[in-house]
Amino acid sequence: MKLVSRICLVASLVVLGVGPTGTSGTTGTPGPWNELALAIFPLKMTGIRFLGPDVPVVPDVPVGPTSAVYQRSSPRRIISIIPAVTEMLFAMGAGEQVVGVSSYDRYPAAVASRERVGALLDPNVERIFALKPDLVVVYGTQQELIARLDRAGVPTFGYQHAGLADITITIRRLGQRVGRSQEAERLAAQIERNIEEIRQRVSGRPRPRTALLFDRESGTLRGMYASAGVGFMHDMLEVAGGADAFADVKRQSLQLSAEMLLARAPEVIVEIQSSEGWNAEKIERERTVWQTLTSVPAVRTGRIHILADDRLSIPGPRVADAIRLLARVLHPAAFGAQ
Amino acid sequence: MLLEAADLVFAYPGGPQILEGVSFGVADGALVGVLGPNGSGKTTLLHLIARSLRPTSGHVRLGGADVSSLPRRLLARRLAVVPQETVLAFDYSVLEIVLMGRYPHLGVFEVEGPGDLSAAMTALESTGTAQLADRPFRTLSGGEKQRVMIASALAQLDDSAVGTTTDDAAPLLLLDEPTASLDLRYQLEVASLLRRLHDRRHVTILLTTHDLRFAASVCTRVILLSKGHVIAEGPPTEVLTPSRVGELYEIDPEMASGVISAEIRGWT
Amino acid sequence: MTLHKTASPLRRGLPIVALCFVTMVAAVLAAPFIGSTPIRAREVFSPTVAFADNVDAQIFFIARLPRALAAALVGGALAAAGVVFQGLLRNPLATPYTLGVSAGAALGAMLAITFGASWPVVGSVELASLTGALVAVFVVYLLATARQQGLSSTVLLLAGVTLNAFFSALILFVQYASDYAQIFRALRWLMGDLDVVSYRPILSALPLVAIAFAGFAFLARPLNLLALGADAAGTRGVDIERAQRIAFLGGSLATGAAVSVGGPIGFVGIIVPHLVRLVVGADHRLVLPASTFFGAAFLVVCDMIARTVIAPIELPVGVVTAVIGGPFFLWLLLGKR
Chain A
1 MKLVSRICLV ASLVVLGVGP TGTSGTTGTP GPWNELALAI FPLKMTGIRF
51 LGPDVPVVPD VPVGPTSAVY QRSSPRRIIS IIPAVTEMLF AMGAGEQVVG
101 VSSYDRYPAA VASRERVGAL LDPNVERIFA LKPDLVVVYG TQQELIARLD
151 RAGVPTFGYQ HAGLADITIT IRRLGQRVGR SQEAERLAAQ IERNIEEIRQ
201 RVSGRPRPRT ALLFDRESGT LRGMYASAGV GFMHDMLEVA GGADAFADVK
251 RQSLQLSAEM LLARAPEVIV EIQSSEGWNA EKIERERTVW QTLTSVPAVR
301 TGRIHILADD RLSIPGPRVA DAIRLLARVL HPAAFGAQ
Chain B
1 MLLEAADLVF AYPGGPQILE GVSFGVADGA LVGVLGPNGS GKTTLLHLIA
51 RSLRPTSGHV RLGGADVSSL PRRLLARRLA VVPQETVLAF DYSVLEIVLM
101 GRYPHLGVFE VEGPGDLSAA MTALESTGTA QLADRPFRTL SGGEKQRVMI
151 ASALAQLDDS AVGTTTDDAA PLLLLDEPTA SLDLRYQLEV ASLLRRLHDR
201 RHVTILLTTH DLRFAASVCT RVILLSKGHV IAEGPPTEVL TPSRVGELYE
251 IDPEMASGVI SAEIRGWT
Chain C
1 MTLHKTASPL RRGLPIVALC FVTMVAAVLA APFIGSTPIR AREVFSPTVA
51 FADNVDAQIF FIARLPRALA AALVGGALAA AGVVFQGLLR NPLATPYTLG
101 VSAGAALGAM LAITFGASWP VVGSVELASL TGALVAVFVV YLLATARQQG
151 LSSTVLLLAG VTLNAFFSAL ILFVQYASDY AQIFRALRWL MGDLDVVSYR
201 PILSALPLVA IAFAGFAFLA RPLNLLALGA DAAGTRGVDI ERAQRIAFLG
251 GSLATGAAVS VGGPIGFVGI IVPHLVRLVV GADHRLVLPA STFFGAAFLV
301 VCDMIARTVI APIELPVGVV TAVIGGPFFL WLLLGKR
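Residue numbers (the numbering used here), protein chains in the order written: chain A, 1 to 338; chain B, 1 to 268; chain C, 1 to 337.
The hints are simulated quantities; they were obtained by calculation from the structure and are not laboratory data.
Values in this document were obtained by computation on a predicted structure and should not be read as measured data.
All C-beta atoms in this analysis are idealised placements derived from N, C-alpha and C, irrespective of residue type, glycine included.
It is possible that some hints are incorrect.
With a straight-line Cα cutoff of 20 Å, these simulated SDA-like cross-link-like pairs (lysine to any residue) come out [what the hints assert, rightly or not]:
1. Lys282/A with Asp309/A
2. Lys250/A with Val239/A
3. Lys132/A with Arg151/A
4. Lys250/A with Ala311/C
5. Lys132/A with Arg77/A
6. Lys250/A with Ala220/C
7. Lys250/A with Arg264/A
8. Lys227/B with Pro16/B
9. Lys282/A with Lys250/A
10. Lys282/A with Arg264/A
11. Lys250/A with Thr308/C
12. Lys227/B with Gly14/B
13. Lys250/A with Leu315/C
14. Lys250/A with Thr37/C
15. Lys282/A with Val239/A
16. Lys250/A with Ala214/C
17. Lys227/B with Gly29/B
18. Lys132/A with Gly95/A
Label-pair restraints from in silico Cβ distances [as the list claims (entries may be wrong)]:
19. Ser113/A with Pro327/C: 53 to 59 Å
20. Leu93/C with Arg54/B: 46 to 52 Å
21. Arg185/B with Asp239/C: 26 to 32 Å
22. Ile313/C with Ala243/A: 18 to 24 Å
23. Pro207/C with Gly95/A: 56 to 62 Å
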């Protein structure tokens, strides 16, 4: 009996996660933290299919035969339910064309005036159609939404998180798609220059073995998740001059046990947290939690950094800023810091 | 009188009265049958005597003491109940079931000693089930199960291990429809066992049954219960007249007469 | 034919209880030495290296030993609670979670996961899940005793199942107000995790488990008699109401404490009692201690498998118990009666 109810419970959670629930798309605590979850968590478990967590996915999955028809004219009413892509659109000057965004979009400030149409798990199809879009940016796994948009003849732009290099690839393709090729090219090139500049700045310096965590249960060392050997977070860490302590695990994420941390003995621990709810006081309090693991070099030397900044979790046009944040804590000397 | 029921009235809260003032007595060493059709209140009466239910009014006295005033374990040493049917939740052996009868004789953490084992083995032997001791209870036939449950009740009433004789109150064995779920062969088996316990070991027995033939064949006295009232009491040959049996089962006295001559007179 | 029994059948099972105890102790002692990172006993107990710098000792004492102890505590508590609930409900398919304890704990955990950051009153996940479990127990108890004296197992089951459904609905509601990260954390919590990293969760659950076990000690024989049916047990001198109350509250307390430490780890509470019964028979005086010890050993081994089998990636321990327990459960349903 319990077995059944337990299965039902899990199943209903899964169902909740998958089904387009349709009502107002304003569920959840706001914040791009969810963007991160999208990229990193093994969401297969919540029923969201990944093409494969271990394989970097090339963005702009071609979708729907109808797409080609619309590609001639540039779209004037774009909906993006991926915060990273919304940022890209605004950064390439296509912000005026964006009419709808996801319930989690917070940047740039102009998104406040755009219609909210739900998010990955709960896209509000009715509202999407009501906005009469001529391009909808969807996540590659939203098969059901893609199928419905296809049937209605609404072109889609499929997107999936992958590696760091895929960010500028996406920007260029998106630019072509929305008629902003030149601006997109300039933006992408600028990002690549900025990344390269950081790469140069830290080159030749010893690369500290770094554990890049993006989740932990507050007040304890339980429920820890780290970026592993694949994905944009791993790439960001490598560019910033760190050696990923879990680079050998070819996955986007890894649940960390205390044993793993003790065994890998990272020299630096960086925790990425949401910018909301993480004030200086809380950061200081949470840093002390680590004092249990005294044999870890990062704990001994105090190189534990909690970065409460949403840029670190959004693989969008601000990625170079995010990498600079990482590089600063990994190589303070290179940035002439304190 | 070993057992006295005085003006027992019972109704479930908000329900109709099931017993409407039942009084009778059971003498030491008697084998009494409460006879009545389905719904006459027999099983309720048994529950009241065993204190599984509390009467709405009236009293049950065992050896002169009101059962509601007796400590739980003392009552269990004087009065044992064999239910109509026993379905086990887990797979116990016959010996384990019989040893469960020793519960009221043991302290909280006390383990059955040699005295308890010998009480259990005596009970198994007197019910002819000693050879089943190590069998899983579940694998027994209906008649064997019934005899093992009687053995468990006998082990429960066996005070010899403690060394105190029960001169203040002899033990009482209650059986609820002991043959209801058994076919003829096992009915006879149980009937002869009860007679043997009565004749040789002077166990006082009160049983309920709706089976005229069974009551007439084993009981020394019968109590006729109809719709919550006692309508007659006495030796079966005196009590089981065609008119009473007709009244009891709401059938034509002529037909009852036929049933009685065919079924009862032939037996006794 | 006359048989002479000189010893209670109870004594035949005692060596097996002892064996289960030895297995538990061996598992708890061995588990901290086994893991994805090789460690040496000489290093672990080295007097020359300070603990603060001794990686092997830290892996042993911070990462693995609390984990093994937590597994033993949780496994023992869940297996014992399983035995008690099966006896109380006279249903061999009952589990520690049948009466809604885990749904209450899950709701508590879910509230802490979803609102804990912004609303610290909810407190830690451990505390919240324990509170949720106790609330569920209280509600089921009120429901089951509202209409009559004593605890009818039918009413208990009905109340438990209803509460399970109701709390599951509330959980879905909370989930709907959560974001992906929180939903994922909640799901992960449901799969069970024994990487407690400190002794604090164990120490805070220990008194509750101890109280429950003290109650269980009185229950072994009454549970045997309850197997005959409540009326039959009553006429043999068992105080049915008290036994049922101790069983329900003790079982719930042990379950709530276990769930607060490791999440609602499944199958331990059902397969361990059944396995033990296959060996020692049905007598609860054997089944209860043997299940407690074997359940502890079983979960320690399952957790060891969970953290080593595809290291460095860890499997949720609930997945391991389910993979072992699921087929076994089916075998029980289909093969054995």
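Status of each hint after checking the structure:
no. : hint                               : in the structure
1   : Lys282/A with Asp309/A             : holds (14 Å)
2   : Lys250/A with Val239/A             : holds (18 Å)
3   : Lys132/A with Arg151/A             : holds (14 Å)
4   : Lys250/A with Ala311/C             : holds (12 Å)
5   : Lys132/A with Arg77/A              : holds (7 Å)
6   : Lys250/A with Ala220/C             : violated (52 Å)
7   : Lys250/A with Arg264/A             : holds (16 Å)
8   : Lys227/B with Pro16/B              : holds (11 Å)
9   : Lys282/A with Lys250/A             : violated (32 Å)
10  : Lys282/A with Arg264/A             : violated (27 Å)
11  : Lys250/A with Thr308/C             : holds (17 Å)
12  : Lys227/B with Gly14/B              : holds (18 Å)
13  : Lys250/A with Leu315/C             : holds (16 Å)
14  : Lys250/A with Thr37/C              : holds (19 Å)
15  : Lys282/A with Val239/A             : violated (29 Å)
16  : Lys250/A with Ala214/C             : violated (49 Å)
17  : Lys227/B with Gly29/B              : violated (28 Å)
18  : Lys132/A with Gly95/A              : holds (17 Å)
19  : Ser113/A with Pro327/C: 53 to 59 Å : holds (57 Å)
20  : Leu93/C with Arg54/B: 46 to 52 Å   : violated (33 Å)
21  : Arg185/B with Asp239/C: 26 to 32 Å : violated (39 Å)
22  : Ile313/C with Ala243/A: 18 to 24 Å : holds (20 Å)
23  : Pro207/C with Gly95/A: 56 to 62 Å  : holds (60 Å)
The structure is inconsistent with the numbered hints 6, 9, 10, 15, 16, 17, 20, 21, although it conforms to all the rest.
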